[in-house]
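Going line by line, the protein sequences match chains A and B.
According to our numbering, the first sequence holds residues 407 to 714 in order.
According to our numbering, the second sequence holds residues 407 to 714 in order.
By construction, these hints were calculated from the structure, which means they are not laboratory data.
Cβ atoms here follow ideal geometry from the backbone N, Cα and C, with glycine treated the same way.
There's no promise every hint is true.
[To be verified] If we take Cβ atoms under 7 Å as the criterion, some of the chain A residues that face chain B in the derived model are:
1) A433
2) A441
3) E443
4) A494
5) A546
6) P549
7) Y592
8) I687
For reference, the chains in residue letters:
2 protein chains.
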Amino acid sequence: MEAELIALLRRRIAPHPLVRLGPGDDAAVLRLAGAEECVVTVDLLMDHVDFELAEVDPRRVGRKALAVNLSDLAAMASPPLAGVVALALPRRGGMDLAVALYDGLLPLAERYDLPIAGGDTNSWDGPLVIGITLLGKVTARGPLCRSGARPGDRIVVTGSFGGSLLGRHLDFEPRLAEALLLAERYRLHAGIDVSDGLSLDLAHLAEESRCGILVDLPSVPVADDARRLAEQRADGSTALDHALADGEDFELILAVPPDEARRMLADQPLGVPLTEIGEVIAEPGLWQRLDAGRRIPLLPRGYQHELR
Amino acid sequence: MEAELIALLRRRIAPHPLVRLGPGDDAAVLRLAGAEECVVTVDLLMDHVDFELAEVDPRRVGRKALAVNLSDLAAMASPPLAGVVALALPRRGGMDLAVALYDGLLPLAERYDLPIAGGDTNSWDGPLVIGITLLGKVTARGPLCRSGARPGDRIVVTGSFGGSLLGRHLDFEPRLAEALLLAERYRLHAGIDVSDGLSLDLAHLAEESRCGILVDLPSVPVADDARRLAEQRADGSTALDHALADGEDFELILAVPPDEARRMLADQPLGVPLTEIGEVIAEPGLWQRLDAGRRIPLLPRGYQHELR
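So that you can see chain A by itself, here it is in the shape it has in the complex (with noise of 0.2 Å):
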């Protein structure tokens, strides 16, 4: 069967100029054209994690599979290189399912003009495991990284957040075309996707640039979805604990110096709302602003892999 599936990739996907050699091989080759560096990136969808089989299209299951990862370079401005579908299918149905994953996720890898380059397909009688890896280019201005926010940087987001379970977490846009563009126009000191929750990925990206972020809470964009969501639980939480702990938004976080964030907010240059939302500060920590220059600690909520 994995000669089946390879045979109908070869069918399905295009010749791409980066691919010397596509799916059937031991492995991959791939064109770099003399590049210095490069970024890669993994990430492991899961049923019953990451989705609901039993309750979703399949397709937008392969979609999100790779808008994770398309995310992920975004949040490093990375121009995407090529990609490698690893699949863990469950025996009865797989091949349709697998073919399903890809009619999902080919559209969008088209639309970054992203060749899927390899894989591997397997069988079992567990639970659909996709995984997929992405390579990316990284460009003159050097990759975006988590760790070079300064005191002073504005923090700017895009989009809103709260309540993707509503939907979004499935089929949200990758915001890559837009980090891309940014990072071309601005100069951006770190960034960082949302895919844990807005304030945990606040924390990630104080700690790795061993600064603290204040946050301005009334200024954080709630999505109408957060407020739905709030509504329909009814358990206490409100829409902008949503916005703040939900996760898998896929926004961006930018940490811009205060001159270029007051250009890229009188630019919006996005079709989605770039807020500024908070700046980084030396102290280390996620704060949150209260009135005449106070502040108190804020609690970084959001999705953790929980292990026993």
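Dock chain B against chain A, hints included.
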């Protein structure tokens, strides 16, 4: 817990000149130093399919997950560049398991000077899944592919075959140093590593090269494990049947021009024996050599992922 594991990896993994940015960011950044091409390969290993976690030391599982990928690089005659590790860990005992998996794979990585540049760590209620993606360099001789065999080439294999299930499938040595040495000293036309089964992988090589392969069965090196397994099973399968069909030997099959093959076989430049087991012919398919220039079809057998 992912943070905990990243902290541990950062302590465990020594800085490597090829890794500009290692575990902990949205992606790793690798130094390519102006490379024209690279190789990329991925393998996903799953509990109850590729190992039985309940029955083996998890360090052997971690080691195998890396070794099968190194074997793919061996098949391409590609020196390793860097790797990323994706884990889906059972929640109970997941942290200890992750540490043991890395304890198993890191010494093998170090032996091949392969940096683990990043990864993705998840927990779930399913069985262990470990997926490793490796990047490899392309030498001046270019990658060794499945498609390069030409009629008249001799089929040369490393080592012996069959019965890997008795333990060798976990503890095998990937033939990477051997492949690099052979590619350096001899002109090789094509290569593949034996994961699915000797006869099935011979058929893969023949198919990708649009040729046939004529196998001289009495010259196939049969492993002692194949004899032991044939005795244990007592189901009518011979040791040679096991050698042809068991798979997971992770030895190399090479297609070599006749003069180079003669030289290579006389030199025996490796610590492991090189054996000629057949030749490439124009007529497609896999064939068994009989007396007096006659031949009959040889059925390719081995491991195939079954899907319904």
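Going through the hints against the structure:
A least Cβ separation of about 4 Å between A:A433 and chain B falls short of the 7 Å threshold, and the interface hint therefore holds. Against a cut-off of 7 Å between C-beta atoms, the interface hint on A:A441 holds, since the closest Cβ of chain B lies about 5 Å away. A hinted interface residue such as A:E443 counts as satisfied when its beta carbon comes closer than 7 Å to some beta carbon of chain B; here the least separation is about 6 Å, so the hint holds. Interface hint at A:A494: satisfied, since its Cβ lies 5 Å from the closest Cβ of chain B, which is below the 7 Å cut-off.
A least Cβ separation of about 14 Å between A:A546 and chain B goes past the 7 Å threshold, and the interface hint is therefore violated. Interface restraint check: A:P549 against chain B, minimum CB-CB distance 5 Å, threshold 7 Å, status holds. Nearest Cβ of chain B to the Cβ of A:Y592: about 19 Å, over the 7 Å cut. The hint is violated. Taking 7 Å as the C-beta cut-off, the interface hint given for A:I687 is violated, the closest approach to chain B being about 22 Å.
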